[in-house]
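Q: Residue numbers (the numbering used here), protein chains in the order written: chain A, 1 to 286; chain B, 1 to 335.
Mixed in with the good hints, there may be bad ones.
Claimed, not checked - Covered by chain A, according to a simulated footprint, are these stretches of chain B (three or more residues, beta-carbon under 8 Å):
#, segment
1, 76-83
2, 92-104
Unchecked claim - Derived DEER-like restraints, expressed as beta-carbon distance ranges:
#, chain 1, residue 1, chain 2, residue 2, range
3, B, D166, A, M196, 26 to 36 Å
4, A, T93, B, G234, 43 to 53 Å
5, B, T101, A, F108, 30 to 40 Å
6, B, E296, A, A115, 36 to 46 Å
Just so you know, these hints were derived from the structure itself, not from any lab.
As the structure is a computational prediction, the values presented were derived from the model and not from experiment.
Heads up, the beta-carbon is just placed ideally off N, CA and C, and yes, glycines get one too.
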Amino acid sequence: MGATIDLWKITKTVLFYALVVFIVVVSVFPFYYAILTSFKSGTDIFRITYWPVSFSFENYQAVFSQGSFPRNLLNSIFVASVTVILALFLAVTAAFALSRVRFRGRGFLLMVILAVSMFPQIAVLAGLFELVRAVRIGDWQMYNTPWALIFSYTIFTLPFTVWVLTTFMRDLPVEIEEAAIVDGASPWIIITRVFMPLMWPALVTTGLLAFIGAWNEFLFALTFTSSNDTRTVPVAIALLSGGSQYEIPWGIIMAASVIVTVPLVILVLIFQRKIVSGLTAGGVKG
Amino acid sequence: MASIELRNIRKAFGAVEVIKGVDLEVRKGEFMVFVGPSGCGKSTLLRLISGLEDITSGEMLFDGKVVNALAPSKRGIAMVFQSYALYPHMTVYENMAFGLTLEKGHSKDEIQKRVEKAADMLQIRQYLDRLPKQLSGGQRQRVAIGRAITRDPKVFLFDEPLSNLDAALRVATRIEIAKLHESMDNVTMVYVTHDQVEAMTLADRICVLRDGLVEQVGTPMELYEHPNSVFVAGFIGSPKMNFISGEKAKAFNADTVGIRGEHINIVPGNGTWTGTVIHTENLGADSYVYLEMGTEEPVVVRLDGANNYKSGDTVHIAPMPDKVHRFDAAGKPIR
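Only chain A is shown next, with the shape it has when bound in the complex (with noise of 0.2 Å):
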């Protein structure tokens, strides 16, 4: 009997670690492959090898180089930083009113911001051109700036960011607020000086998703900049051409998605040591 538990729960251990290989396989191939290859040159490119057989950083070299590459790049860290800063901005007073201001039709509000983050981006992309297009102060337009494009990730973004730090919010002790209202604090100080310590892990969270939102988008970044000099690095790297309309550059376009890969592992990294749980423990009871 003994022995037949024991082949079960060998079974059963390998069977879990294979999937897990599998799973981890699977999600990490695509990007190890882009890795590789992006350190090939020359037709090395075109032989498939699963683990590196040459060196060379000649596509890197390639990539800031060639055009506007680096301008990209820096528009993209401009736009999605831009985006984050703004929406967090407006995502948590309108948490801390949807959560702590009692009025009527709270209920209805939510579930509106909630209905309107099902719109695919397509459904809306007309309108939001037209929009975009209207938008002018003087002899500046919208159209064709980062602000174009920070405006339309920012109504995206924000659904989901108000979402969930209402929810967040929400949970946050009643109490520590009302302490601090007879303490004298305004609601602008409790937000910024009591309850946005507290939501650090929320903060963290939605605004990596933000910025991650903002940093990857196509579409727009496709429809509202019409230069080489507006546009962000997915529009950038889908554009890159090689020397003649046959040629598709393969290891330039895998080493810049490798570069605009890197900041987001580091933000990664940074932040999910922030990420910690139970950062209000001791404030009141619990």
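Following the hints, complete the assembly by docking chain B onto the known chain A.
A: Same frame as chain A, now just chain B:
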């Protein structure tokens, strides 16, 4: 120092009226305790005084000035919450100084002096650099009290501050609060509790609330000796007052007769009533004998020292004649 006056205060949450017209005066420097069963509106009343809830109708006056629309921070109050409500991300020092840093016109030195003075009063000076999560429940509540002291309030509000502490700590902290009241004799204190022992031991005057109305206001002894209703008589005092109704009460010319356990003597024979012992509790200094004698709840007799009665014993008892409370059918005392 501030006197608080409530004039026909009402508070409704939607269609539900919680406070149904309360008139009350809290005198300057007084320790007033609101007591009552859960849901009687005592916490709501405190929150109306603090300004955390808006008054539906009626007038609230501090020192003769209407404060209905005044923000909590402008009323000169400080509040201690049941759950401590400390700011988890701030050290004890920052917790205590937070209110002062928000007010304009306090120098850093002054704030530090005031925080340290309050910390010394409560013996929490060695914890000033710690975070709330590094403190025990009793220490946290002391910090919460310290935070209130630092603000130098005219009115000190306590919302069941001891309910989250264990029994021993509760007594210790109760004594701290009593001492605090003595040392801050120009501060008016309002304290909410459902525990009548806290009310009796701390209060200058007690306000018994029931269903959003004031049932009786008076000193602890007034309430103990001259309860204004069956409700107050039953709520104040431990063990609970015995109530005897029906034929036995008719003999006293009353609808209900109330007699406290400590005001009943067990006599050898010829007592006013007889009963059967169903249970005894020996607490050392005193002991309780529970008697079955046809009343709704068993009659409790409190005796000094231990006793040797056993279940099934038949005893004769006699109430002390001048300690008998007589109530009419409406629950009001007959005097």
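Q: Look at each hint and say if it fits the structure.
A: Quick rundown of the hints versus the structure:
1. 76-83: holds (count 6)
2. 92-104: holds (count 4)
3. B:D166 to A:M196: 26 to 36 Å: This hint holds: roughly 34 Å between Cβ atoms.
4. A:T93 to B:G234: 43 to 53 Å: holds, 51 Å
5. B:T101 to A:F108: 30 to 40 Å: Distance hint for B:T101, A:F108 holds at roughly 39 Å.
6. B:E296 to A:A115: 36 to 46 Å: violated, 58 Å
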